[in-house]
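Chemist: From the two separate chains plus the hints, produce the assembled complex.
In the order they appear, the protein sequences are chains U and V.
Numbering-wise (our numbering), the first sequence opens with residue 1 and increments by one.
Numbering-wise (our numbering), the second sequence opens with residue 1001 and increments by one.
Since the hints were made in silico from the structure, they are not lab data.
Keep in mind that this is a model prediction, so the values were computed, not measured.
Just so you know, even glycine gets a beta-carbon here, dropped at the ideal spot from N, CA and C.
Just so you know, not all the hints are guaranteed correct.
Stated by the list, open to error - A partial selection of chain V residues facing chain U, derived with a Cβ cut-off under 8 Å:
| no. | residue |
| --- | --- |
| 1 | Gly1059 |
| 2 | Phe1096 |
| 3 | Gln1151 |
| 4 | Glu1181 |
Said to hold, decoys possible - Chain V residues, not near chain U, derived (Cβ > 10 Å throughout):
| no. | residue |
| --- | --- |
| 5 | Ala1074 |
| 6 | Leu1079 |
| 7 | Val1101 |
| 8 | Glu1104 |
| 9 | Lys1121 |
| 10 | Glu1144 |
| 11 | Thr1156 |
| 12 | Leu1190 |
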Amino acid sequence: MSPRTKASINRRDFLKSAAAGTAVLAATPAPPANQPAADRRARAAVRISPEAELRALSGGEVLTAERTGSDFMVDVIKSLKIDYVCSNPGASFRGLHESIINYGGNRGPEFITCCHEESSVGMAHGYAKIEGKPLLVMAHGTVGLQHAAMAVYNAYCDRVPVLIIGGNIMDATKRLSQVEWAHSAQDAAAVLRDYVKWDDLPVSLPHFAESTVRAYKMAMTPPMMPVLLILDAELQENPIAANASLQVPKLMPYGPPQGDSGSVDEAARLLVAAENPVLIAGRSARTPAGLAHLLELAETLQIPVIDQMDRMNFPTRHPLNQTESGLALIGKADVILGLEVNDFWGTVHSSRDQIERTSHSIARPDAKTISINSANLFVKSNYQNFQRYPEVDIDIPADAEATLPSLTEAVRRRLDAGRKSAFADRGAKLAVAHDESLQRARDAAAFAWDASPISTARLAAELWAQIKTEDWSLVSSATFVSRWPLRLWAFEKHYQYIGAQGGYGIGYNAPASVGAALANRKYGRLSVNIQCDGDLMYAPGVLWTAAHHHIPLLTVMHNNRAYHQELMQVQIMANRHSRGLDRATIGTTICDPNIDFTKLAESMGVYAEGPISDPKELGPAITRAIEVVKRGEPVLLDVVTQPR
Amino acid sequence: MGHFTSTTWKAFLTAALIIAAVLALIPDANAQSRKDAQSGKKVFEKVGCFRCHGSAGEGMPQTGKEAGSPKIAATKLSLRDFLESVRKPKGQMPPFGAKQVSDEELSDVYAFLESAASQPKPELPSSASSKDGEHLYTAFGCYECHGYQGQGSVQTGGSRIGPPQIPYSGFLAYIRQPAGEMPPYASKALSDAQLADIYAFLQSRAQAAPSKAIPQLNQ
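Isolated chain V, as found in the complex (with noise of 0.2 Å):
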């Protein structure tokens, strides 16, 4: 190890104060000196990201009109690239510009979302009762949009849900806070151990036959 002369000292500064900089200037380096996972949680919910991804970025399955949405939690893309895919997504996500969300509020939400991806996720209890989510499941107007089996609508927009084609986790968070045209069912009207019977029952649902097993849908 040398040592450095005053004017190797001051070139050392001036490059650093360069570097440190640059690196001001760019978003991605600016962005992860923040990563506040609870504010990242409100400008999800305020930007309105949860409407199509799903309350913990989770994302939705195409029902109806609406065309579904990925999963973005625990997303494997940089913050790098998760910045590019806000402010120039491609596919039908409408892009969001600086005035609308910050490159650190973004990263916020980039910290949200890891958050997301980590947290325990709820299991369906095993006392939930197919047969007591059946009488809920009609009673509680679910087979309105979903018909009496959960075969779905593309007049109603409600998809297919049974058998179910989500797992309980995203089911339970997709009911309580839903991101498309469905009404949401809070848990002071629905209790999560009634909607875990009902999951149970529309896991209890069919699988179809194959549609070439069925002549009359082969004309």
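Pulled out of the complex, with its shape left as it was, chain U reads as follows (with noise of 0.2 Å):
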């Protein structure tokens, strides 16, 4: 953020003079160029309009305009029916800043405030992973773009749209101040215009409405991703000429692009026919709908499913998720069938990070692939999130949620009572191992039970124990918990869990989960976060945000004192040389001193309990905090625990 630091006297001429013609300004010679600021000033003051010029003869200049570009922008955002515009404050996009609070009333969309455009873009994450929109962020020309860049490339690579406006002033002898200068850029949308999946700057209003709605449709259409708009400031804070046609677009949403009948077909007559098929679901449920389509052809094949969990895709309690036994599943399935799999190479091989990088195939030599994945849709080439290359046999470049319920009922047609008969059977034994998998979990958990700091299966498990009968949702990942809570407790809707960055860039998780509290705060649900200490200490300041306002969200601190991930990626470097394999927390633990979570969030208005590193004082803990969050409020218990 940064103030404009000059009070522009004409940033008002291009759309009067279209309006009132351009006459005056023909007639008008350019100053010279060693003309004193003050007197080109006032001689452009002159130039403006004969409605300027006529106030002038009535001793005053015009400083103030009824209705601006940014009021139209305003109009032309209400019609996507956008909640919230989550921004931190800048100069270059004051005018739609404005128009937003006075002439939207705040409402439809509401000024969200934000302290650094990371947290933005990062609560825009969350919140459309769980409402299933965009919101809007705003961000400053150059810096703030700048700012917002990395989590923009985590929505990009996680299919998550955000509608992005930055600021700009396009026309060079408008930039009054070297910050405007510092501020302004000939192509601004560079930054982020590989992990965008569209840009456009528009130079008039029309255009501005065009683009906008556009962006908007191409946004919601999977792959879902950002699109960005630069706007210029001119644009938004000159005048709207009394007689300016202007109109909002319609929106008319794409259909999500299916399968084609051909390749469902042959996937479906393969799946009929596989004797041990398994189906691995990514993102493959975007919506509620897609939850429920895929139950409907896993239950329909008696199919085992192992949930990557980049959505919440399955029911984790359901006899078929079979997520726990997936390497051995993958191992012995003649038939594997991949939803929106984002590594669909890494899934059917297993990798070595030695010296000498290695990798074999686990899938048998003889199993026939097949995908459905809408990403193939959209590649860009610099950045390489795209993955390996995999070798499918069925490779549909479609989204797996609208295509699934065309692929269930192809599998219906070619069913028969031999195959009913031997799809319940092969239903009967994964139910068995469903409850010995979760009795393992179970198992597994209760070591170092009472170890302090505090096992992260004991925190997943009292927490289940508390929130179980709540309307819950997890709004952060479970990674760095050892999947616990994934393991442990009953997901069964969508809004239950969120995955995680898409890009893995750290820094996501707070914002995220703050986005997420906020589009689950309307519906009136517990909103829960696991937290990273590390991913917290990025940009903070979202703990403020959601203090102001007023998001419920109990926050519960995985503080490992470390960057633990980093932390054994240079163990491995130290056990490879030999040398030094107790310096490896140079660099990458976060300790002496200890950071105070606690004092942290108090100072950002946020109730906060801890450290708590006794394991007997979580439980009582937890139910404190679930208090404070049903009366409207963050919480944040920062809870001392083992590395993962």
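Modeler: Here it is, written out as structure tokens:
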């Protein structure tokens, strides 16, 4: 954020001249270069329009305007039913900011004050995965977009829609200070272009209207991704001419791309004939309907499901959920079906990170592989998140959620009594295996049960014991706590889990959890965030945002006092070189001093307790915390934990 | 005992030659003629068998994404069945064709596995100190993947090692030459005596209480 240091006295001639003609401008010679600035401003003021001239004759310069371009922009944004705009204020979009809170009444969208653009986009990321639609992010010219970049990349990799507006001042002669020069760019979108689906630079209000609706439409079409509009300050701040003809374009969403009937039918044939098929779900369920569609297919086939949990795809306690036995099932499968699997190749291979990086297939050589993945419809070159090339037998570039009903129907058409009977037998065996798997997880969770620092298994179990009767939503990734919630809790509904970063960019979890909690607020859900310490320290100001906007959220710290993933990476190098095995903590730990997360949260108006190291104290602390969250406020419990 | 006529002798010789020729075509018989354990060890390492089965074929417990592998040292399979299990494996083991490893080489591997099983296994020294081991376990980063109590983690891939699920000899061998993702601990960086202390520490970790006795784990 940086205030514009000089008031603009003539930021309105573009539209005014369009409305009133350009005769005066054309007749007025340009001021000499050595003319004093004050003279140039005065002369420019005289140039603007007949209306201004009339005012000038009556003794005053035109300093106010009834309706500006940014008001119309709000009309367009409101037409898209966008509930919130997350933003750290910036002068390059001051016009739109003011129109949102005054002309728009600060409702639909409501301004959510963020302390960092990475937090703005991170919140939008979490929000969209709960609500199924984007919110708006406004970011300052150049510096704001640079701050936002990592979070945009995460959303891009995670196939999440975000509508981003970045400020800019296109006309170099209208930049009145060195600050405005520093915050303007010839191609402001360039910093994000590699990882947004589409960007544009509207040069008129009708152009803005069409591009905004187009951007929204593109962002919401699978594969969903962020989109970016660069907004010229002049376009926001100039008055709208009285005779301007402006209209808000109609939004007609694209239908999600479905798989072609031939490929779908062939996939169904293989699945019905298979003796040991397995289904792997990545980002299969975009919406609650996606979860229901997957249940239908899985139960029709009685096929084991391995849920990679990039979204909440499949109930964790369903007998067909065989996630914990995934490796063995892939190893013996004769048909492998992947639904929006981010890394199909990596799923069917095992790799080894030693000096010689090796890998081998864990699938049977004769296994048939099928992939339905909308990511293949939109691949960019530079950033390599598209993963290694998978040699699949049937590759369907389509949205899995939209394709599942036709696949299930094709499967049903091929069923006969014999196959139904075989499927029933398979389902019965899988139900037994599921129960055994759950028991194994519980047995494993009992190890280090009374340990201090507190085990991640106990942290998850203590939470589950108290939220299981609530309408809860886990709004954080479970990866860094050894996936214990996914192994021990009964996930059933789509909003109960939102996956992880997408691009593995740390700093995602804290803002995404607040954004998801913002979406959950109107439904009265209990949002739960298991928060890594390193992740929170990227932009802890999002705690203030949660307090300021009264966003109810239970944050339980997974405080292992380290950038633990990197600690393990440095340990690998030390071991490989057989030196300094006890020095990998240098540069990778967050201690000496330990961060007092309780004070950090309290300083921003968040109720907090901790540090909690005694596992017996955890349960009662969670009870107290839930009471505060139910009153509509955020809470942070600082829990000192085992590494993973 | 009678004597052979020349016709009988010729017939005998012919039959013997035929049998010899047939035997030469049978991998099992040909392989049995070699059995060089030293060469087998080299093949075992070159082909990468150790990555899944351990440096002496002792097998691996399941760890995270790695499914584990059976012990193959002192295998009870016949050589013929051993060859068959490598060419057409069941389960998750990838098949190894003759272009990757010949029957002759596999017979040497078989011999190596037999000899490995007969070698004396290191025992945990009585001097091993659990207290020193606790310090070493943390200082040398074992906790990073396995947790401070050796409880393991599916995220790191570190298996549960507290208390240990494998004997000291296997522990020692695995740490020196790990098959999966685990970084190797060479003896120049971590001595056998220090490893013994760490093992003693892990042995001192309590078994978990039955999960059914913990209310939070039954919901």
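Chemist: Taking the hints in turn, state whether each one holds.
Modeler: Okay, the hints, checked on the actual structure:
For Gly1059 of chain V, the shortest C-beta to C-beta distance to chain U is roughly 16 Å, which exceeds 8 Å, and the interface hint is violated. The interface hint given for Phe1096 of chain V is violated, since its Cβ lies 11 Å from the closest Cβ of chain U, which is over the 8 Å cut-off. Given the 8 Å rule on beta carbons, the hint for Gln1151 of chain V holds: about 4 Å separates it from the nearest Cβ of chain U. The criterion of a C-beta within 8 Å of any C-beta in chain U is met by Glu1181 of chain V, whose closest approach is roughly 6 Å, and the hint holds.
The claim that Ala1074 of chain V lies off the interface holds: its Cβ sits roughly 25 Å from the closest Cβ of chain U, which is beyond the 10 Å cut-off. No Cβ of chain U approaches the Cβ of Leu1079 of chain V within 10 Å, the least distance being about 24 Å, so the stated non-interface status holds. Distance check for Val1101 of chain V against chain U: the nearest CB is about 14 Å away, which clears 10 Å, and the non-interface claim stands. With 10 Å as the threshold on Cβ separation, the claim that Glu1104 of chain V sits away from chain U holds: the shortest Cβ distance comes to roughly 24 Å.
Distance check on Lys1121 of chain V: its Cβ is at least 24 Å (rounded) from any Cβ of chain U, clearing the 10 Å threshold; non-interface status holds. The claim that Glu1144 of chain V is not at the interface with chain U is violated, since a C-beta of that chain comes within 10 Å of its own (minimum 5 Å). Distance check on Thr1156 of chain V: its Cβ comes as close as 5 Å (rounded) to a Cβ of chain U, failing to clear the 10 Å threshold; non-interface status is violated. Distance check on Leu1190 of chain V: its Cβ comes as close as 6 Å (rounded) to a Cβ of chain U, failing to clear the 10 Å threshold; non-interface status is violated.
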